[in-house]
Amino acid sequence: MVKYAMAIDLDRCMGCRACMEACKIENNTGRNIFWMFVFKQESGEYPNTTTNYMPRPCMHCDNAPCVKVCPVGARFKSETGAVLTDFDRCVGCRYCEVSCPYGVNYFNWREPADNQYYHWGKGEAEGKYGTADIRTLANGSISPYRNPTLDEPHGAEKRTVAGGGHYVGVIEKCTFCVQRTDKGLDPACVANCPVSVYTFGDLDDPNSSISKLLASRSSFRLLEETNTHPRVYYLGTPMPLEHRKHLENISV
Amino acid sequence: MAQLTRRSFVKTAGAVTVVGAASLKLLGADDLFIETLKPVLPRASGKPEITEEIVHTTCWIGKQDCSILAHVVNGRVVKLEGDPDNPRNKGRLCPKGQAQIISFYDPYRVKAPLRRVNGKGVPGEWVETSWDEALTLVSDKVKEVRAKDKRLLVWQKGRSKAEPFYDNAFVPASGATKLHHGAFCSDAGYRANEYTIGFNGVLHPDFNHCKYLLNWGWNIVNAGGNKLCWITFNQQLLDARGRGMKVVTLDPWKRGAGPHTDEWLPNKPGSDLAFFLTLSNVLIERGYVDVDYLKKYTNSPYLIKSDGYLLKVDGKEQVWDTVSSSAKPFDAAGVNPALEGEYSVGNEKVKPAFQAFKEHIAQYTPEWAEDICGLPAERIRKVGEELGQNAMIGSKIVLDGVELPYRPVGIAAYHVTQQELGFQACRAAIMAFMLLGAIEAVGGLRSDFGRKTHGNFKSLDEVQIKDPPYNIWLQNSKYFPINSNNSSLVARVSQDPGKYGVDYTPEVLMIHMSNPLLSFADQKALMEWLGKFKFTVVIDPWMSETADYYADVVLPAATIEKYEGPSSVNDGYNDGSVIRTPPMRPQFQSRADIDIYIDLCERAGFLYGKDGYIDKLNGSLGLKDPYKMDLDKKPDARDIFDRWAKSSGIGEGVKYFENKTVANPKKFAIKDLYAPAWNPPYGGLRHRLYGESLKRYGEVMKEKGTPENFRRDYTPFPTWRSPTMDSSPSEYDLYLISHKKIMFKQSRSTSNPLLKELEPNQYLEMNPKAAEARGINDGDEIVVESQNAITKETRQVKVKVQYAEGIRPDTVSMSHHYGHWVNPNVKEVGPAPNTLFFSGEGYVQMTADQSFQVKVRVTKA
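As you go down the protein sequences, you meet chains Y and L in turn. Note that our numbering has the first sequence beginning at 1, numbered continuously upward. Note that our numbering has the second sequence beginning at 1, numbered continuously upward.
Honestly, the hints are just simulated from the structure, not real lab data. One or more of the hints may lead you astray.
In silico lysine to aspartate or glutamate, EDC-like type, Cα no more than 16 Å apart, as pairs [claimed, not checked]:
(1) Lys382(L) with Glu507(L)
(2) Lys128(Y) with Glu125(L)
(3) Lys245(Y) with Asp778(L)
(4) Lys122(Y) with Asp133(Y)
(5) Lys358(L) with Glu462(L)
(6) Lys660(L) with Asp672(L)
(7) Lys3(Y) with Glu79(Y)
(8) Lys246(L) with Glu79(Y)
(9) Lys79(L) with Asp186(Y)
(10) Lys769(L) with Glu45(Y)
(11) Lys128(Y) with Glu128(L)
(12) Lys316(L) with Asp331(L)
(13) Lys183(Y) with Glu157(Y)
(14) Lys183(Y) with Glu52(L)
Full structure from sequences and hints, please.
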């Protein structure tokens, strides 16, 4: 049985947030929704300051609190170990969001057309700088770069679990890119990282790069004391917990 | 119904509870529950029909055109991924590379050719025209002005893409005066490198072997080098760090370098020249001098007369030969030239240039530099000592059987050279690395990847300073003998052309992918200048501020969806070629830039025949027979690339690039990679420790009556003086510097909402202690006021403060990526620092390069 996990080398991260962008486009997530988020923080006082970058995807916990609280079985632990959301079952109660200690859940407050940066569905820009029918730009797809394969059933369970921004009123979060791992590809963040911060693979395979990496270097997981058993391992220098300040804002 | 899903449940309920939905509204909820009735896409039963293809293309935002695999599903691009075959990006993309996908579908692009129907200097009122009408309108104006006087046609393009088509073919074919962007980028560094060591670039390390990197003023992990985009630079940086390379950062602000710098030297803005002069002082004092390199490959042993000019016999520079104790031509057989001492030749007292340099820098001790740089003397001394030790002067390394000098000490720098004393500061930095013998040594300083010397080594040494009249950018003038072509200065000159000896006013302006109002300093002067043109055309995918306020016609260009190139994949160690191919047809009514140029040239009457656009393209693309284009037959872009590919030995022609990535890939051989292994070494150049021609220019300028502040930095060795900004009154107690971010790059990315989402607002980065002393809290809106120390003019903007511990308390910084007000995506994001910077005397370098430093004060709004 494949057992997916991710390792994140904090000593390599450059804080560029290319992973956030790759995730966003791969999964068609909406405005201010970041299944992958990179924290950029500064601590210390001039001139003795340190800067830290820390990517944070879903931890895909083996003892996931979000799965336990879901009243309709929409949030589930898949066969590969990825924690997934069945968008057809989710009733938008947001219990998962409350129960998660890592803040990885995002609720879709807006209808899909409003959820994206351009209002393709409304054609607001149609008459500006020349005319064009914005709605037909991509045969009505929202966003126009949305990959239709996201609508297919995915995972061993064949449920509607891939991508984001499907409907208003559902919760969503990182899926370890189930539509990619189904094809044997790495998740979008892992595949795109310009400086190879991430390692992804099967913990049950002792010869996988992640098994070897975790065997050779010390690692830690976030909030291990909460007994969540995350599948995301961090290597390198942890982010300081005190006297820290976010560097550069983001529109969340 | 096999399974009651939430959607189908609500659908059923919704049909009978219309009243319920209305009462939800009354309770303050929105259409949330009703909207769930509408899935994004109607789900057909069974699998949707999907056809997917992969198109090989390249990035269109960054400087290096990373290779991209565009995933096209049912005719739509759904994802851009890095192509693993390009050594520059190895299958990865930066945030810009990923986010540019949204530009294909940006409804705020210019969707059709537009013609202005209102006056200029205010937001445009536009009517849509046909391409035919727009091209005729533009080409008639171009034709008319060329018939009158070609100098009246001015052309400006943003950062270079496909230079063979635009800069190197359209400009010579049209006879237009080309304005550059480099004086705002890093051209002072380019000029310093070209002049001093004959390489075209700023400062870049040999990452494959470097062990100690001096990171000068550079946001090392969020920016990239002058030859590379961020992505390649950082891959190489991390590999070097993995091998144990130490990084020392010289910068008033630590920025992104945070986790990847071992030591931070927060120097005062504008003090860099003093730092590097002091570094040379320490190196010489401690004996870290590569005598062998200096004697053989630099002009250090050339004898200088008491008047400061080189001793020449029969036009040949002389050295003091220690074997025969006499002056000999520098290239005489068997000479062993002296670097130090004073000698007599005839009646002339002479000394080697190195001796003069040693005397010149004796004054620049670490203690002297302490206050100027704001750094403790012992820390400057320590860097000098560490550089000296790590340089391992005298050591050799054998790579692939070639024995080479080994100096694993490097320096990285780029935009930091755009400060008032930037040319000489960069020259001083190079000179310190010359002392170490690190120029082009293994592990040392490599400014250029082209692996050949640059013609400017000679031409910048032989400038003939003319008397007026001058052209609009004062080429070969008594003001800027070395001149990087600065548009802000052009704007200032246009305010009073007679004062600068310019006797004409241009009439037609063509702007291609550039937004002068935002990109260049001194918005006020630029607005006056743009208002003077009788006709302006802008070629751009978006409505820029410049276009909206000053264009008569806007022609919509495509983004990635076109043929363009060729680009190199040179990462410093490998080479090859790529071109951009269209993954979709140009969106809306936009067209490929190359096709627009071909049509314009045809209609304006200079496409065909000798010296026409086609003829110039044959030359600029280096097309060989039988692939040269007929001078009387109109080509299209794809056809041109087909010829170029075949002419370059790619048998398949343009199809190669439509199916694969890199053509003619090669790894540089060691004998080509390092200039000491060339035949002759360093291309036969003698690196210029002593800048005799700089001295000559200064004296000619004086004779011609050039005011002192234009000529005072024309000295043969870099010489410290306080920057002009330091004479602003003491209430202007902060230095304003500017910075760039990995998320943005010029006009191509600033209007991208996905990138804007990552960095939505402008902030003034400010040290918390400095802010608290002024009663300013994190996030407060404040007024920043800059002051021109010469004209006493002041300028103000309002901006929010962001606390940053990693910045000097006497320094504040603003990003260059904000200040737009036209595109709906980027409105109200905060001001541009360019509205606070000045152009003209005191804020422009001896090379006409822009300075991005000014004294400011901040007060609560």
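Any of the earlier hints contradicted here, and which numbers? Violated: hints 1, 5, 6, 8.
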